[in-house]
Each structure stands twice: as structure tokens, then as C-alpha cells.
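Residue numbers (my numbering), protein chains in the order written: chain D, 1 to 588; chain A, 1 to 197.
Wrong hints could be hidden among the right ones.
What the hints assert, rightly or not - Here are the simulated DSS-like pairs of lysine-lysine, each with C-alpha atoms no more than 27 Å apart in a straight line:
#1 LYS2/D with LYS60/A
#2 LYS122/D with LYS190/D
#3 LYS60/A with LYS533/D
#4 LYS111/A with LYS254/D
By construction, these hints were calculated from the structure, which means they are not laboratory data.
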Amino acid sequence: MKRCMLSGNEAIARGAFEAGVKVASAYPGTPSTEILENITRYPSVDASWSPNEKVALEVGIGASFGGGRALVAMKHVGVNVAADPLFTLSYTGVRGGLVLVTADDPELHSSQNEQDNRNYAKFAKMPMFEPSDSQEALDFTRLSLEVSELFDTPVFLRSTTRISHSKSVVELGQPVPSQPTKAVEKNPAKFVMLPGNARKRHVVVEERLRKMEEWVCQQPFNRIEVGQGKIGVITSGVSYLYAKEVLPDADILKLGMVYPLPKQMIRDFASRYDTLYVIEELDPFIEEQVRAMGIAVHGKDILPICGELTPARLKRALTGETNDSFYVPQDTLPNRPPNMCPGCPHRSVFLTLNRLKAFVTGDIGCYTLGFMEPLSAMDTCICMGASIGNATGMTKVLDPQEARRVVAVIGDSTFLHTGINGLMDMVYNKSHATVLILDNRTTAMTGRQENPGSGYTLAGDETYQIDLEALCRSVGVENITVVDPYDIAHTREVIRTEMDRPAVSVVIARRPCMLVKHDPVKKKAPLAVDPNKCTGCKACLQLGCPAIEWQPEAGERGKAVINPLLCCGCGLCPQMCQFDAIGGRHEG
Amino acid sequence: MKDKVTNILISGVGGQGILLASEVLSEVLMLAGFDVKKNEIHGMAQRGGSVISHIRFGTKVYSSIIPDGEGDILLGFELLETYRHLSLLRKGGQVVANDLKILPPPVTLGKEQYPENIKEKIRSAFSDTLVVDGTRLASQAGNPRTVNVALLGAISGALPVGADLWHDTLRRMVPERFLETNLKAFDLGRKAAPVKS
Ligand SMILES: Cc1ncc(C[n+]2csc(CCOP(=O)(O)OP(=O)(O)O)c2C)c(N)n1
């Protein structure tokens, strides 16, 4: 068998292919994004980006009800968006197997919260697998689809950032023989969830869980690793790896499935030890269930609930020993926070909002970096699509002069994800706020994925491109202006006018991201600062562009210089300079 | 040797090609027959932020995270990011540092200071330190974008993998039109560092 290094996400993609998945749908979100990007390598799978996670799951459900196997992937907060179809899907069960991959983000490396989606398994009454490395990510993806059909249930596969983005050695398997397509099957008692039918399905769901609870006690994915017999550990997922590092001699009950738990197996295991630990990251999910069985364990009494568990944190909790560095720099080191790229079209919009003293209800994307200094122009950020509803609500409670300052800022992908609903509400309920759509032609934050407004599909095929102006007009917005954010004066004039207007208005700032994949933006020649003209006023620094560097020793009060390796000649900084000091590069 | 796991760290700034370097490194180690785990956090880090990649290899590796004070080798693509991550190294650890400064935003804005004499400070804490001019090696190789591979060359001598396997792996992982310059950059880097094992 072929051995290779795969990330957890690549392994999940491979597992889906091997399991004969016919349809894969997702909305991007770190750390889940690469699952769908990698599935495009396997032409037998129809893979697509949906506008949001709810639609992605509904597409997967349709495929399953049509008899094909389906994989749906999203980040942890995406499951909140998809929760509505999910809970009822648990009642209907499936026809073709369906696996929902939830990629959680303990430590919030790239997220707005660190919710533990294992809780969804219990809440939605669905089984959940949790792999510990890439090999298990592949194997458990295959298993999920088998178990889904075996028990007529959707199945969760839960990954975390460390599983999705770590690479480890994997042996590839053989794909299952491809299945012929099936005919539609009318089965209203199973597929039409009206109260009369759903009431009966709920009974089926409870029965299913009871059966699974017995079945999981005999499955090899829940296994006991015998150590020296003194300490017992119950663990799963990435925490298993940390337990092996820190307690190499412990006996370990490694759970491949974290819901439903193999209760009898746990009872037998627990009875052998005086000291029993449940080692898990984030919530006491396993611990609470084990305690409810009347078994005494140590868990969150010593382990942290917040943040990632790491080998060092686990060691400190269990033994009190700390990992000491041999050497730690004694200087205060400057931070290196992420920044908008040179040439980013979002930059001037936030400069303008800052200057206009707007109160910005924000949203999620690269543009959320607009909250940082020196732009400092984003004042709220909750979840995707929230900016518009937040602006509506806020203007309802402010006096008109204050309300004028409220501007909702949202990216193109986010607007199409869940922002459009908020805009309907704004028009319908006669709000006066201003909405700024930052249309950089891509879903930049998560690595430049296509979306329904970008004109391309996941596979890179050309497709219909949503006309944002027409869309806004169709929900009743009368004042729609498109600006080029590289033209600072015009952008400022338009935003100011629209903030003053006592009606809903939409301003679309349109300029492709410097990194879009299709129709790539050509960089222009780098600009340069003429040191004879630069007075050291620092106006250009207000853009926060990584290409503009400050030289404190130059001249009497310092001067700006442009790093030619970073500059892409976007032309914003010359517009900031009152002394005409920035222009094309001249030799000498 | 049997149960010993070797811990390698690669640090630098988003956009410097660290991801490719760590991919090649872990691929080479896997092909050499080791169990390998590698991780790095992407996401927000891509946009010019600080990046750190952990690579661990041995007979059997569990966690992919290298705890503070347990790193064996640190390959730094940028001086401040090398200095920042020294806390991950064990006593007597080995440092290969690219002689390059990239100023972080608080420094370009004149709000914070880039630390002084970084190279001297690294050397005084870790005697096994090699500073290489990756930019020069890459331009000698004929392609300024091969700094990452030149730096891999510079740590390659410290690893139990022969030059041939490195070359084969680069041949499989680097696009055809950049291959020749990358192979050259690798060899220049390898020559710049003393071979240890
Ligand atoms: C429910 C949910 N799904 C996915 C994400 C991950 N995510 C954060 S921002 C973003 C898209 C941003 O795209 P866009 O609005 O076009 O802004 P850009 O990054 O291009 O500036 C995504 C997919 C999330 N935070 N929440």
C-alpha cells in the first residue's frame, strides 16, 4: 500500500473518495476549507461551494435522499448555521450515507469562539467519530459513511485545527466499487417531517441510540491500550496523543466514537483503577457522561476548559511539572500581527470610515483587520452576516445624529452567505443605516475561494456571476453607488453623502483582491518616496501599509521609505502625501 | 536512538515559503522511513504574521506539538522570528538563522523597536549557531524565490538523510520550471553548513 504524508483534511478528502462519496458540499471556514479543495482531485466526486453551511447541508441531504453518499464540511460555527436542517435530518435518517465534518478550533487560531461541537452530537442525537491523526481521519471518514447506512443516521466526524492541519503518515486504501445511480423513492413516513410522522421518527431515533450504545462496545475503534495497570485514562481525538506523551505507562481507553459512549466498556474499564482520568480538550463532554454513570473521575477539576490542551499543559495539570525553556529573550519583542496585504482594496475604506468618525458594525473576513491600528475602524464583530442586522438594531435606539454615524461593513462572500437577509429587513422595516459591501471578488480570508459573486465554481469553471447591484435593487434598496476604493477622495465623498441620507443606502467598494486566483491582478511598478520632498509628516503611515517603513534616523524628524519588494503600486499613498513626495521610482 | 524523537522548528514570516519548506522536509523524512508528524497554524498567520512550523520524527511519534525547551533544531527564516522562538529549543540546541530582517508593523509605524544585536544574542545562548545569507544563496542559484530551499540545504547536514533522497524529493515536489534553480539553491545551502552525521 502507498504511504504518504497527508494533512487531516487531505485524509478526509481521500476517505470520502475511497468510500464512493458522490456529492461533497461545503462553505469555506478555517480549519475545514482544504477538505473540499482536495476533493476536487477526485473527479468521481461532485464537489461544490455553497453560499452558506445551511445550503451545503441541504445539498448533502438531497444527495443522500437520492441514494448517493454525501460529505458535508464546515468549521465549528458553520454547524450553528446548518443546525436547522441538521436536527430534523437526525429524525429522517438517510438513504445514501451522509457524514457531516465539523472542524473545531480550540484556542481560536482563526475563529470568533471556541465552541465544542461534540455537544451537537448529544443535542442532535447523532453518532460522532473523532480521529486522532490523519490515518484515522481517512479510516473514520470511510467508517462514518458505512455506519450512516448501517444505522440509518447522519454521522458527525469531528476534527480540530491540530488534526485538520497536521500532517502524518497515511496508508491509502482501495476505493469501494462505484455504485449505480438509484431511482427516487417515495417514502413520506421517513422523509416528510410533519408532526404525525416526526413523532414516530423520534421514537426511532431513541431506539437507534440505544442499539448503537451496545454496538459500540464491540467495535475496534474503541480500544483499550494496556500499560502498567496503575492509572486509567479515558480519552479521544488529539487528547489521546497528548495522553500517550505525558502518561506513557497508563492504561488507556481510546474512544474513536465520542457519542454514543460504550457505557458497558467504560464501566468495566473504570472498575479496575483507583485513579481514573478523563483527558479531553474544551468541555467536560465525556466526563459529565461518565460521572452521570456514577463513576468518580478526575477531569476538569485539574484540566483547563479554555484553550487547547497541549502536552505541556497536560503535564502541568497532571504532575505539576512545567516545561522550562532553556533560554528566553529578555527584550520586549515587537508583535507581528497579521495585516492587510499591500494593495489590499479594503485599506482605504477603513481609513475613510475612521476619518468620518463612523461607528462600524462589522463582519467577518480579511476586512475584520480594519479594527487594528492605525485604521481602527471596526467596532463590532459577532458572526457572519451580523453587521447589517446589528446596524438596524442600533439605529433604532440612537438619537438621529448619532444614528447617522452607523455603517454596516460586510464582504462580498459574507453578504451572499447571510447578509442579504439583513438587508431585506433594513428595507422592509425602513431603517436609515448605510451598508458598505467590500466586493473584492473573492472569499479572501479563508484562502481565496470562489463564491456565487465571483463568476467561477470550486472546480474553476466559469459560471453565472451574481450582480450585487441588481440583487440589492431587487430587495428594494434605491440608493446604490459603486466606488473604486483606490480613489480615496471619491470613496470618501460617496460614503459621507450616503451616511447623511435618511434612507437605506448601499455603497459597493469594488476592486479585486491582489491575490484572486482567476484573472489575477497585475502588480504595478513599485513606488518610491523622494527623500528631498518627504517632510516626515507620517500621513502615509496612516494607511498601515506593510510596504511603507519608517526610518527614524533619516532627516530631522525621520522619513518614510517604500520597500520595493512589497509595494505593488496601488497608488493609495501618493493620495495621502501633501508634499508630492511619492511617485514612480527613479534610478539614482 | 530507537525511541528518540527529533524535534525541528521552522519559524519566519507569512509569505516566506515556510509551508513548502516544512512539506519537503517532512516528505524527505517519511521517505527515509521515519514516522513523521508536522503541524503549523495557517489562517490569520498567512497575512504577514509570525509563522511557526513543528516537525517531529522518530520510530513512533504521537503529538505534533513541540513543547517549550524541547526543540533540537530551529531553522529561522527571519532574525526576529528566530530570536522569538529560541524559547522552544533545548539546551545545546542547534540554530540555523537566515540573515534577514523583516520589520513588523509596530516597528514600521515607529511605535516599537526591532531588537538590537540579535545574531550575537543567539550565538551567546546557543553556540551551535549558523547564520546564512539565504538571499545571496538564492540569487547565486539564479532565483530569488529559492531562499526556503537554500535554508533547507543548510540544515540538511544535521539530519540522517542523504543528499540523493533530498534531490529526489525536490524533483517530485518542485514544479519543473523551477527545479534546476531549487536544486542549485539546496546544494549551495548544504555546502554553507558543516555536515554532522
Ligand atoms: C459561519 C461561518 N462560516 C465560515 C466562517 C469562516 N470565514 C470567515 S470570514 C469568511 C469569508 C470572508 O469573505 P468575504 O466576506 O468576501 O471577505 P474577504 O475575506 O474577502 O475580505 C469565512 C468563510 C465563519 N467565520 N463563520
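Taking the hints in turn, this is what the structure says about them:
1. As the CA atoms of LYS2/D and LYS60/A are separated by approximately 19 Å, the hinted pair is consistent with the 27 Å bound.
2. For the hint pairing LYS122/D with LYS190/D, the CA-to-CA distance comes to about 22 Å; that is within 27 Å, so the pair holds.
3. Restraint check for LYS60/A and LYS533/D: not satisfied, since their Cα atoms lie roughly 62 Å apart, outside the 27 Å limit.
4. Taking the CA atoms of LYS111/A and LYS254/D, the gap is near 50 Å; set against the 27 Å cutoff, the hint is violated.
Violated hints for the displayed structure, listed by number in ascending order: 3 and 4.
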